[in-house]
Amino acid sequence: MKKNRQKEAAEVSKLNRISVKTDVCFNIIFIILALICIIPVVFVFMISISSEKSIQMNGYRFIPEKFSIDSYAFLLREGKMILSSLGISVMVTVIGTVLGVMLTTMMGYVISRRNYKMQNFFTMVVFIPMIFNGGMLSSYVVNTQFMHLKNSIWALILPLCVSSFNVVICKTFFKTNIPESVIESAQIDGASQFTIFGKIALPLSKPMMATIALFLTFGYWNDWFQSSLYITDKKLYSLQALLDSIQRSIDVMANNPSLGVTMTQYINSMPKEGARMAMAILIIIPIACSYPFFQKYFISGLTVGAVKG
Amino acid sequence: MEKVRKSPKEKKVRKPKWTKNDSELTALALPTTVWYVLFCFLPMFGLVIAFKNYKIAGGRSFIYNVIHSDWSGFKNFEFLIKSNDLFVILRNTILYNLAFIVLGMIFSVGLAIMISLLHSKRKSKVYQTLMFFPYFMSWVVAAYFLDAFLNQDNGLINSMLRDGGGEGIQWYMKAGVWPAILIFMYLWKSTGYNMVIYLSSISGIDTTLYEAAVMDGANKKQQVRYITLPCLKNVIIMMFILNVGKVFYSDFGLFFQLSQGASGSIFNTTATIDTFVYNAIQSSTPIGMTSAATFFQSVACCITILVANAIVKKIDADSAII
Chain A
1 MKKNRQKEAA
11 EVSKLNRISV
21 KTDVCFNIIF
31 IILALICIIP
41 VVFVFMISIS
51 SEKSIQMNGY
61 RFIPEKFSID
71 SYAFLLREGK
81 MILSSLGISV
91 MVTVIGTVLG
101 VMLTTMMGYV
111 ISRRNYKMQN
121 FFTMVVFIPM
131 IFNGGMLSSY
141 VVNTQFMHLK
151 NSIWALILPL
161 CVSSFNVVIC
171 KTFFKTNIPE
181 SVIESAQIDG
191 ASQFTIFGKI
201 ALPLSKPMMA
211 TIALFLTFGY
221 WNDWFQSSLY
231 ITDKKLYSLQ
241 ALLDSIQRSI
251 DVMANNPSLG
261 VTMTQYINSM
271 PKEGARMAMA
281 ILIIIPIACS
291 YPFFQKYFIS
301 GLTVGAVKG
Chain B
1 MEKVRKSPKE
11 KKVRKPKWTK
21 NDSELTALAL
31 PTTVWYVLFC
41 FLPMFGLVIA
51 FKNYKIAGGR
61 SFIYNVIHSD
71 WSGFKNFEFL
81 IKSNDLFVIL
91 RNTILYNLAF
101 IVLGMIFSVG
111 LAIMISLLHS
121 KRKSKVYQTL
131 MFFPYFMSWV
141 VAAYFLDAFL
151 NQDNGLINSM
161 LRDGGGEGIQ
171 WYMKAGVWPA
181 ILIFMYLWKS
191 TGYNMVIYLS
201 SISGIDTTLY
211 EAAVMDGANK
221 KQQVRYITLP
231 CLKNVIIMMF
241 ILNVGKVFYS
251 DFGLFFQLSQ
261 GASGSIFNTT
271 ATIDTFVYNA
281 IQSSTPIGMT
291 SAATFFQSVA
301 CCITILVANA
311 IVKKIDADSA
321 II
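These protein sequence lines are chains A and B, in that order.
Numbering of the first sequence is given in the UniProt record's numbering, commencing with residue 1 and proceeding in unit increments.
Numbering of the second sequence is given in the UniProt record's numbering, commencing with residue 1 and proceeding in unit increments.
Bear in mind the hints are in silico, worked out from the structure with no lab data behind them.
Warning: the hint list may mix true and false statements.
Here are the simulated lysine-lysine pairs, DSSO-like style, with alpha carbons at most 27 Å apart [what the hints assert, rightly or not]:
| id | chain 1 | residue 1 | chain 2 | residue 2 |
| --- | --- | --- | --- | --- |
| 1 | B | Lys-233 | A | Lys-296 |
| 2 | B | Lys-125 | A | Lys-206 |
| 3 | A | Lys-296 | B | Lys-125 |
| 4 | B | Lys-125 | B | Lys-220 |
| 5 | B | Lys-121 | A | Lys-21 |
| 6 | B | Lys-17 | A | Lys-117 |
| 7 | A | Lys-199 | B | Lys-121 |
| 8 | A | Lys-150 | A | Lys-235 |
| 9 | A | Lys-175 | A | Lys-296 |
| 10 | A | Lys-117 | B | Lys-20 |
| 11 | A | Lys-296 | B | Lys-123 |
| 12 | B | Lys-220 | A | Lys-21 |
| 13 | B | Lys-20 | A | Lys-175 |
| 14 | A | Lys-175 | B | Lys-17 |
Non-contacting residues of chain A with respect to chain B, defined by C-beta distances greater than 10 Å in every case (computed) [to be verified]:
| id | residue |
| --- | --- |
| 15 | Arg-77 |
| 16 | Val-182 |
| 17 | Gln-265 |
Predicted, not measured: the structure shown is a model, and the values here were computed from it.
From the three backbone atoms N, C-alpha and C, an ideal C-beta is built for every residue, glycine too.
Starting from the given sequences, assemble the full structure and let the hints guide the process.
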C-alpha cells in the first residue's frame with residue numbers, strides 16, 4: 001500500500017518536471033555559480049606554485065609561465081612560526097570548544113527546567129544580550145582594563161565561548177527531546193541535578209552537542225578578529241592572525257637566514273607573493289577537506305535554532 | 001533511597017519552597033552566569049563612558065575609573081555629530097545592509113527554487129556543497145582571494161588590462177567601485193548558505209499540493225507562483241525582519257579585511273560604524289567620540305530589534321523571538 005503510494009508520487013513528480021531545456025539552462029547557471037565559488041581557491045593555489053620571477057613578469061596568472069615549489073619550501077624552512085601558530089590555533093579551538101559546549105549545555109539545561117524557581121531570571125540573563133550589547137569599544141575596554149586579557153591566550157578563547165543563540169538551541173533541544181517523566185523518575189530515585197544532567201541529559205543530546213561543537217570549532221578556527229584586537233605578541237598569533245599580518249608584508253616571517261646571508265638579502269630573496277598565497281592555501285585545506293562532511297549538521301543546527309526559544 | 005525532600009513542616013514561606021533541586025540548578029547555572037556578567041553585562045555598564053570624560057587613573061580598576069570620571073553630558077555626541085564622519089558611516093552601514101538584505105533575499109530564494117527543480121538530485125547536492133564552500137572561509141582568506149584579482153601590480157584584472165594595451169587601475173584607491181565589490185563579495189560568501197536554508201523549507205512543503213495542482217493542469221511556473229512562494233512567505237518575512245533588526249551592525253570582516261583597512265581614499269564608500277570604532281581603538285584617538293558612536297549603535301540596534309520583533313509578532317506570533 002505504502003509502496004504503491006510512493007510509486008505513484010514518484011510517477012507524478014516525474015511527469016511534473018521542468019522541461020529538459022530549462023533543466024539544462026538551470027544546470028549551466030549553477031555550474032557557473034559553483035565555479036565562481038571555487039575558482040578563487042584554484043587561482044590562489046596556482047599563484048602559490050608559480051615561480052616568483054614569472055609573477056614579477058606577468059602578474060598572477062591561472063597558468064604561470066614557470067612552476068615552482070619555492071613558496072612551500074620557504075614555508076617549510078620558516079616552519080617554526082607556522083607550527084607555533086598552528087599550535088595556538090589548535091589549542092584555542094580545542095579548549096574553546098570544550099569550554100563552550102560545557103557552559104552552553106549547563107545553561108541550556110537550567111533554563112529548560114520547568115519547576116525551577118530562578119528559571120525566569122536566568123532566561124533573562126541569556127536573553128538580554130541577544131537584543132542589547134555593549135559593543136566593540138566597551139568590550140575592548142572591559143577586557144583590557146578590567147580583565148587584563150591583552151596578550152593573553154584567554155582573550156582568544158573566552159569572549160567567543162558562549163553565545164545566547166547556542167544556549168537557546170540547547171534549551172529547545174532539551175525541552176523537546178528529553179521527556180519530563182525520565183527526569184522525574186530519576187529524581188524519585190534520589191539522583192541529584194548534577195547526575196541527571198551528566199548521566200541522562202547529556203548522553204541523550206549528542207547530536208545537539210555535535211552541532212554546537214561544530215559551530216564553535218569553525219568559529220574559533222576562523223577567528224582573526226580577537227587576535228587583531230588583543231594580541232600584539234607574535235608568539236600568540238593564531239594561523240588566521242598570521243595570515244592577516246602577512247597580508248601587508250610577509251617580512252615578519254623571515255627569521256632563519258642561512259649562514260653568510262644578511263637579513264635584508266634574505267628578505268629580498270624570499271618568494272614573497274607566492275609564499276603569502278601558499279600560506280592561505282595551508283589554512284584553507286583542512287576546512288575544504290572537512291566541510292562537506294559537516295555541512296548537514298550545520299544546516300540542522302540552523303533549522304533547530306529557527307524554532308522559537 | 002527515598003529520603004523525600006517534601007517534608008511539609010520545613011520553613012513554611014509564602015513563596016514556593018526553595019528546594020535542594022533549586023540550589024543544584026543554580027550551581028549549574030553559575031559558571032555561565034559569571035561569563036555573562038563579565039563579557040556581556042559589564043560592557044553594557046561600560047557604555048556609560050559615552051557620557052563621561054573617561055580618564056584612566058593608574059593602578060585603579062576599570063569600574064573605579066568609570067565611576068570617578070567626570071560626567072560630560074552630551075559633549076561626546078556633539079563631537080561625533082560635528083565630525084563629518086558620522087553621516088558617512090551611518091549612511092554606509094544602513095545602505096549596505098539594505099542592499100545585502102534585498103539582494104541576498106532575491107538571490108537565495110530564487111536559486112533555492114531553481115535548485116529544487118533540477119532533474120538530477122545528485123547534481124543538486126554537488127552544487128549545494130560547492131556553493132556552501134565560501135561560507136566556511138574567513139574574511140581574511142576572502143581578502144586574499146580578492147587581492148589575487150584586484151592587486152595593483154600583479155592582480156589578474158590589471159594584468160589582463162595591461163595585456164589589452166590599457167593601464168592598470170588602482171582598485172584599492174577607487175571609491176566608486178567598492179559598493180559593487182562589497183555587495184558581490186557578500187553575495188559570494190552568503191548565498192550558498194542562505195539558499196540551503198530556504199531549500200530546507202521548500203523540501204518541507206507538502207507534495208500533495210503539487211499533485212493537486214498537476215491535476216488542475218497547472219504548469220511548473222504556476223506551481224512556483226501559487227504554491228512554492230506562498231509557502232515560503234512566512235520564512236521570507238521572518239528572515240527579512242530579523243535582518244532589518246540588525247541594520248546598525250555591519251559584518252566587520254567584510255568591510256575591514258576586503259578593503260584592507262577601510263581608510264584613505266575609499267573611506268567614503270567602505271567605512272561603517274564598526275570599522276570606524278575599530279580604527280579608533282587601534283589608533284590612540286580619545287575614547288570619547290568613539291564611545292558615543294558605539295552607544296548610539298547599541299541603542300539604535302536594540303530599538304530596531306524590538307520594533308522588528310513586534311512586527312513579526314503581528315504577522316506570525318509563533319515566529320517572534322521575544
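Review point. Between B:Lys-17 and A:Lys-117, is the straight-line Cα distance small enough, at 27 Å or below?
Key: With a Cα-Cα distance of about 9 Å, the restraint between B:Lys-17 and A:Lys-117 holds, given a limit of 27 Å.
Practice item. Given the hint that A:Lys-296 pairs with B:Lys-123, test it: the Cα-Cα distance must not exceed 27 Å. Key: Within the cut-off at roughly 16 Å; holds.
Review point. Holds or violated: B:Lys-220 with A:Lys-21, Cα cutoff 27 Å?
Key: holds, 13 Å
Check your understanding: Is the Cβ of A:Val-182 farther than 10 Å from every Cβ of chain B?
Key -> holds, 15 Å
Point to revise | Straight-line alpha-carbon gap A:Lys-150 to A:Lys-235, limit 27 Å | key: Distance of about 13 Å is within 27 Å: holds.
**Study point:** Given as non-interface: A:Arg-77, partner chain B, CB spacing beyond 10 Å
**Key:** holds, 21 Å
**Study point:** Satisfaction of hint between B:Lys-125 and A:Lys-296, Cα-Cα up to 27 Å
**Key:** Distance ~11 Å between A:Lys-296 and B:Lys-125 Cα, so the pair holds.
Point to revise | Pairwise hint evaluation, A:Lys-206 against B:Lys-125, where the allowed Cα distance is 27 Å at most | key: Holds, at roughly 26 Å.
Practice item. Please work out if A:Lys-175 and B:Lys-17 have their alpha carbons no farther apart than 27 Å. Key: Status holds; Cα separation ~24 Å.
Review point. CA of A:Lys-117 to CA of B:Lys-20, is that 27 Å or under?
Key: It holds: about 11 Å lies between the C-alpha atoms, which stays within 27 Å.
**Study point:** Given hint B:Lys-121 paired with A:Lys-199 - CA-CA distance at most 27 Å
**Key:** violated, 41 Å
**Study point:** Hinted pair B:Lys-20 and A:Lys-175, Cα distance within 27 Å
**Key:** Holds. B:Lys-20 to A:Lys-175 sits at ~22 Å (cutoff 27 Å).
Of the numbered hints given earlier, the model fails hint 7 alone.
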